[in-house]
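> Residue strings, one per chain:
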Amino acid sequence: MIQEIEITQLRTLTELIKTRFNYDFGNYAMSSFKRRIQRILELYKFSSFDALLEKINTCDKKYFQDFISEITVNVTEMFRDPSFWVELRENILPNLLMDNQTISIWHAGCSSGEEVYSMAITLKELDCLEKVRIVATDVDMAILQKAREGAYSIKNMELNAKNYERAKGAFSIDKYYKEQNGKAMMDKSLVKDVIYREHNLVSEVSFGKFDLILCRNVMIYFNQALQNQVLKVFHESLFKNSYLIVGSKESLIWCEIANKFTVVNNEEKVYKKTKE
Amino acid sequence: MDKFNSIGNQYKAIVIGGSAGSFQVINKILSSLPRDFELPIIMCLHRLRHVRNGFVEALNIKSNIEIKEPLDKESIKKNSIYLAPANYHLGVDIGNTFALSTDDLVNNSRPSIDILLQTASYVYKHKLVGILLSGANRDGASGMQKIAERGGLTVIQDPKDCLIDTMPASALKLTTIDYSLNTDGIIEFLLALDKSIKSVALLKNE
Ligand SMILES: C[S@@+](CC[C@H](N)C(=O)[O-])C[C@H]1O[C@@H](n2cnc3c(N)ncnc32)[C@H](O)[C@@H]1O
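Order-wise, the sequence lines are chains Y and S. First residue of the first sequence: 1, per the working numbering; consecutive thereafter. First residue of the second sequence: 277, per the working numbering; consecutive thereafter.
Hints listed in this document are in silico derivations from the structure and should not be mistaken for laboratory results. Fair warning: this is a prediction, and the values are worked out from it, not measured in the lab. Every residue, glycine too, gets a C-beta built ideally from N, C-alpha and C. Heads up, some of the hints might be wrong.
In silico EDC-like links for lysine to aspartate or glutamate, alpha-carbon gap of 16 Å or less [what the hints assert, rightly or not]:
(1) 344/S <-> 267/Y
(2) 146/Y <-> 77/Y
(3) 344/S <-> 250/Y
Chain S is nowhere near these chain Y residues, computed Cβ spacing over 12 Å in every case [what the hints assert, rightly or not]:
(4) 19
(5) 126
(6) 157
(7) 192
(8) 247
(9) 259
(10) 275
Where chain S lies over chain Y, by a calculated footprint (3+ residues, C-beta under 8 Å) [stated by the list, open to error]:
(11) 29-35
(12) 73-82
(13) 216-224
(14) 250-257
Let's have the full structure, built from the sequences with the hints guiding it.
The structure is reproduced here in structure tokens:
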């Protein structure tokens with residue numbers, strides 16, 4: 001059994017990562033970051049924390065990418081929090097589409113892409129998929145690759161189907177995938193115009209303006225300071241009167257920039273940018 | 277309440293874990309606490325993963341203090357009771373705040389009791405009280421071990437008093453347990469603890 005990791009050790013590790021690879025995990029929320037590191041120590045059978053430090057100090061870029069994949073939490077679902085997707089289908093999207101010929105959506109921290117498919121399916125059923133430009137980003141390149149492939153485990157489709165139904169989907173979710181080699185192969189035409197790209201919310205700036213940003217269950221892994229910083233990027237990346245949506249258990253109330261947003265739906269954590 | 281005479285007053289929080297067979301017990305405990313119960317109580321009870329509403333409302337019917345499902349980064353306050361939300365792990369982070377996570381299941385559970393207990397004991401160290409109730413799996417045992425290792429106080433529902441005793445029995449096997457109590461005993465313990473905590477508060481005010 002490896003000794004409990006100390007906060008000072010975590011600092012040493014994040015400093016080393018910053019110097020060697022220019023990724024800054026220094027402001028990730030301590031409790032889950034520590035747990036992920038603990039998990040890596042066990043998974044890769046490191047004999048001690050120092051052995052991990054040594055490895056990070058000498059490893060190549062490829063190894064480091066795998067390491068990042070292990071640090072990030074990628075758990076996701078289609079139509080996660082169905083009541084939110086109902087709100088999106090019945091209010092937010094119709095509102096946006098009433099006022100605009102075309103709209104653009106950013107999925108920040110899209111993980112393996114289930115959220116993007118949920119969006120595309122919803123748009124398709126509203127008959128407006130063609131009017132929407134979608135950008136989906138994540139810091140984890142391996143998970144982005146999964147998102148591009150759109151091949152999900154059949155086991156997960158049961159939950160996805162139930163969520164879709166609760167989200168008042170118009171059909172049955174079978175309509176959108178084919179079973180092949182034990183995988184659910186999503187209908188790629190849904191996402192043919194989606195741009196998937198690597199983007200690190202910690203270090204990168206705004207890269208465009210959007211009508212809707214979804215960043216759900218991502219900032220729970222950041223501390224308050226980093227959350228404040230990332231929200232500035234989102235604020236900059238939104239048109240006035242456009243929407244930011246975070247996870248159902250997150251809130252902007254403690255954030256510096258909160259006064260530039262108003263709450264549209266507190267239950268589903270829908271915010272509107274009301275001030276520049 | 278003599279048997280709890282020696283309870284210290286250093287405590288900053290109470291964490292409670294429960295699973296199958298714990299609902300009645302929790303209800304009885306919550307309905308017996310005074311409205312001004314001082315320490316924050318943080319509960320992780322196994323629940324349906326995809327039912328977001330209903331549980332906290334059901335618990336609130338009997339509770340004297342309003343129970344809340346905390347949001348991520350919410351501060352942990354005195355005289356408050358918190359419940360881990362569905363499908364998220366609830367942890368305690370530095371700065372006396374909550375941290376939620378969608379990490380993989382632990383002991384087949386999300387929320388997992390071990391995660392709450394471990395993170396809380398990391399932050400509160402010897403100033404934490406852990407209580408583990410009836411349940412059918414081993415979640416919480418290793419969390420109780422951490423609490424004991426860091427000098428916190430460990431309490432289990434007496435296996436004989438449990439509908440399903442696997443959970444407290446696993447903790448008992450793994451680590452030192454300070455008190456093994458039936459439901460009424462746990463209530464008595466909490467009331468004694470509250471008195472002890474309040475007596476310090478009084479001293480400080482004088
Ligand atoms: C739990 S998933 C959320 C997926 C989806 N939005 C949902 O709610 O189901 C969190 C994602 O955030 C990504 N992430 C973590 N840190 C990030 C960063 N600094 N920049 C961009 N994405 C990040 C992770 O790689 C992971 O895929």
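> Against this structure, judge whether each hint is valid.
Now the hints, each set against the structure:
no. : hint            : result
1   : 344/S <-> 267/Y : 14 Å, holds
2   : 146/Y <-> 77/Y  : 14 Å, holds
3   : 344/S <-> 250/Y : 14 Å, holds
4   : 19              : 24 Å, holds
5   : 126             : 24 Å, holds
6   : 157             : 15 Å, holds
7   : 192             : 29 Å, holds
8   : 247             : 8 Å, violated
9   : 259             : 17 Å, holds
10  : 275             : 23 Å, holds
11  : 29-35           : holds (count 6)
12  : 73-82           : holds (count 4)
13  : 216-224         : holds (count 6)
14  : 250-257         : holds (count 3)
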